[in-house]
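Chains A and B supply the protein sequences, listed in that same order. Here this note's numbering is used: the first residue of the first sequence is 4, the next is one more, and so on. Here this note's numbering is used: the first residue of the second sequence is 6, the next is one more, and so on.
Mixed in with the good hints there might be a few duds.
Said to hold, decoys possible - Reference listing, derived: stretches of chain A covered by chain B, where coverage requires no fewer than 3 residues with Cβ under 8 Å from a Cβ of chain B:
| id | segment |
| --- | --- |
| 1 | 90-98 |
| 2 | 395-409 |
What the hints assert, rightly or not - Which bits of chain A does chain B cover? Going by a derived footprint, with three or more residues having C-beta under 8 Å, they are:
| id | segment |
| --- | --- |
| 3 | 62-74 |
| 4 | 140-146 |
| 5 | 280-290 |
| 6 | 318-325 |
Note that these hints are calculated values from the structure, not bench results. All C-beta atoms in this analysis are idealised placements derived from N, C-alpha and C, irrespective of residue type, glycine included.
Below are the chains, spelled out letter by letter.
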Amino acid sequence: MCPSSNDAAHGRFAEMIIPADSIPGWMPARDARMPVLIGTAPGEAAAAVRELVVVVLGQGAVGRGVAIALARMGVARLLLVDPAIYKPESLLTQPIAVDDVGEHKAGSTARFCKQISPGTRVFYRIGRLEDLDVADFRGVDAMVLATDNLRAEVAAAQLAVHLEMLLIHAAVHGESLTAQVRCFSNAGPDSPCGVCLYGAAEWSLVNRETRFSCEAAADARPAASTSSAPTSSVSALCALAADLATMQVLRGALGLGAPVADTMLEYNGYTHRTVISPLLRNPNCPVEHVTWARASASAPLPSCTPARLLRDAGFESSRRSIFQVEHMCFVATAICGNGHTQPFDRFVPQAAPIGRCRSCRLELVAHPLHAHRRAPEEVLRPLLDRPLGHLCSETPRWVVVQQGERAALFSQE
Amino acid sequence: MRSGHEANEVRRRTPAKGEVRHPDGLVGLGRQRLSPRNRRLLGVACASAAGSSFWVRRKSAEARELLALCERAPRRLTVHQLSLGDELKALCELRVPVATREPGDGDIEIVGGAVLGLCYPLAALLEAQPGYAFITILSPQPVWHAQVSAPPVQRLCLGDTLPAGVRVKELILMAYAALSMQTFQIDAADAAGVLNVEAARWWQHNPGRIPLSRAPFLADPEHEQGARR
Numbered sequence: 004m005c006p007s008s009n010d011a012a013h014g015r016f017a018e019m020i021i022p023a024d025s026i027p028g029w030m031p032a033r034d035a036r037m038p039v040l041i042g043t044a045p046g047e048a049a050a051a052v053r054e055l056v057v058v059v060l061g062q063g064a065v066g067r068g069v070a071i072a073l074a075r076m077g078v079a080r081l082l083l084v085d086p087a088i089y090k091p092e093s094l095l096t097q098p099i100a101v102d103d104v105g106e107h108k109a110g111s112t113a114r115f116c117k118q119i120s121p122g123t124r125v126f127y128r129i130g131r132l133e134d135l136d137v138a139d140f141r142g143v144d145a146m147v148l149a150t151d152n153l154r155a156e157v158a159a160a161q162l163a164v165h166l167e168m169l170l171i172h173a174a175v176h177g178e179s180l181t182a183q184v185r186c187f188s189n190a191g192p193d194s195p196c197g198v199c200l201y202g203a204a205e206w207s208l209v210n211r212e213t214r215f216s217c218e219a220a221a222d223a224r225p226a227a228s229t230s231s232a233p234t235s236s237v238s239a240l241c242a243l244a245a246d247l248a249t250m251q252v253l254r255g256a257l258g259l260g261a262p263v264a265d266t267m268l269e270y271n272g273y274t275h276r277t278v279i280s281p282l283l284r285n286p287n288c289p290v291e292h293v294t295w296a297r298a299s300a301s302a303p304l305p306s307c308t309p310a311r312l313l314r315d316a317g318f319e320s321s322r323r324s325i326f327q328v329e330h331m332c333f334v335a336t337a338i339c340g341n342g343h344t345q346p347f348d349r350f351v352p353q354a355a356p357i358g359r360c361r362s363c364r365l366e367l368v369a370h371p372l373h374a375h376r377r378a379p380e381e382v383l384r385p386l387l388d389r390p391l392g393h394l395c396s397e398t399p400r401w402v403v404v405q406q407g408e409r410a411a412l413f414s415q416e
Numbered sequence: 006m007r008s009g010h011e012a013n014e015v016r017r018r019t020p021a022k023g024e025v026r027h028p029d030g031l032v033g034l035g036r037q038r039l040s041p042r043n044r045r046l047l048g049v050a051c052a053s054a055a056g057s058s059f060w061v062r063r064k065s066a067e068a069r070e071l072l073a074l075c076e077r078a079p080r081r082l083t084v085h086q087l088s089l090g091d092e093l094k095a096l097c098e099l100r101v102p103v104a105t106r107e108p109g110d111g112d113i114e115i116v117g118g119a120v121l122g123l124c125y126p127l128a129a130l131l132e133a134q135p136g137y138a139f140i141t142i143l144s145p146q147p148v149w150h151a152q153v154s155a156p157p158v159q160r161l162c163l164g165d166t167l168p169a170g171v172r173v174k175e176l177i178l179m180a181y182a183a184l185s186m187q188t189f190q191i192d193a194a195d196a197a198g199v200l201n202v203e204a205a206r207w208w209q210h211n212p213g214r215i216p217l218s219r220a221p222f223l224a225d226p227e228h229e230q231g232a233r234r
């Protein structure tokens, strides 16, 4: 185990470190086998790859293959996310050894990637994509999604749209021997996302896969359990999907051949043919197709007022503005068990205790009608000139200000 | 818990003598004309509706349908406050028999209505939500119902999971059916819906008092007495 593996299990990315004396002296240079690709200058491809930062979601049959291939190319940074462990059945489809069974997928894959590419910084997290923070994606060039979990797929689509990030979704359909790689450029409001392609069958599956426990009713952000079926496929098909996805990362990064943006690449084992189709935006897609343009605040975030952030974003004050401060909730009014209400006016982490009633000392909770995941300007109006440091119970790391289809993301460096 | 289909069967039953129902039932809610009061309520809410144009369109349509439901059942449902700032939030008064019981008290008291807080977030379009995600009962307190959590925030659980894109009008109809105990869950061993185990046990021992009303949502509450057990 690496020194920071505790972080990986507790919702944060941990860096995989291997002792320097365990790296063999004969390790080759990272680009020793990188060809001079047609149309590129010598060293150009290797240099571009050395700058790449890629998130791989899911380290199963497809995602582990992608992560290993990217490590062999010597990318700059890999961020690996998976909540699961390798099961004995994983030996049948996933590129693992017997010793990996029982290991966390993210940690095991991170260790292997680090061993074969010591120059790559490898981070891993044992958890769900839905719990990742926007700050985790700073500087990321592409996100590879390799999970069958539709809930994660929806969350990844929304995040990639907001952050204008290239999303490459690799999947297999075992029964028809089909490997599929979809590339979403997320280059603006008219670009399609994965959810744009959903029909009734996908929505039905989203609903069937998700279950909640009533015991979590007290939590403002209840955790859902998902139950997607394990991948049934032959390992060659999974490996093919992984390699096609890796090729799309490379083609996208170096601009090789026809653009990969907003295309679907499908290989079918029965026809033995590859088909490329365009992907189109669905105007009725429920994902918010709003890009969070990165913006600079004119002062450190805790000193900024909501009014100042509006100005820094170039927005006029408007009843249609909304403010999102990380995953905090703006509680305008709190209520206690005796029904006493009192003004609260603070951003607090969801489900966190918020204090005691002034009258009866019972515990206060957010009043459901006066708590806002994204606070409308109308609600914040009396507080627009108060610094965020005073309005938030924790130092804010990022804030999004949105007006209609325009939004600005301010993040603390 | 009864399925939505079974709940619809309950709603479709033959009207009792004296019941007054809108001739169109729930058909064509989108074409229902709104009263000047409800038009004003919707207009003010829409003027400050925030978010992407898709979300604004969708929540405005949901809000209009909620108000149309009020028009179809004017004595059953009233929306007092409506906001589309980010989430759709509404303060609704629902005329439905609701059981309350102070801790340690022997018998229950039935009151004639509940004030509901309805919150409908953008996430409801993107993923399935837990059954208690949408509706809280602001009054009366404390409600004595297996599917209602203890104060201060009395969440009403409408099932273990509600599908992505569930409609606001469905939430209101499900809340009516749950509170009047036409559809409800009293199996304390089944985690799908029970938020108050003590109340679930109490109702298990008093099944003869269920439902609190047999009147359908669209029936006039004035004529409801005859439909009660």
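Check: How about the segment 395-409 of chain A: do at least three of its residues have a C-beta closer than 8 Å to a C-beta of chain B?
Finding: With 4 residues in contact (Cβ-Cβ under 8 Å with chain B), the coverage given for the segment 395-409 of chain A holds.
Margin query: Count the residues of the segment 318-325 of chain A whose Cβ falls closer than 8 Å to any Cβ of chain B, and tell me whether that reaches three.
Written below: holds (count 4)
Next item on the list: Count the residues of the segment 62-74 of chain A whose CB lies closer than 8 Å to any CB of chain B, then report whether that count reaches three.
Entry: violated (count 0)
Next item on the list: Closer than 8 Å, Cβ to Cβ, for at least three residues: run that test on the segment 90-98 of chain A against chain B and report holds or violated.
Entry: violated (count 0)
Checklist line | Cβ contact check, 8 Å cutoff: the segment 280-290 of chain A against chain B, three residues minimum | finding: Per the Cβ count (5), the hint holds.
Next item on the list: Take the segment 140-146 of chain A, compare each residue's beta carbon with every beta carbon of chain B, and decide whether three or more fall closer than 8 Å.
Entry: violated (count 0)
In this structure, the earlier hints numbered 1, 3 and 4 are contradicted, and the remaining ones agree with it.
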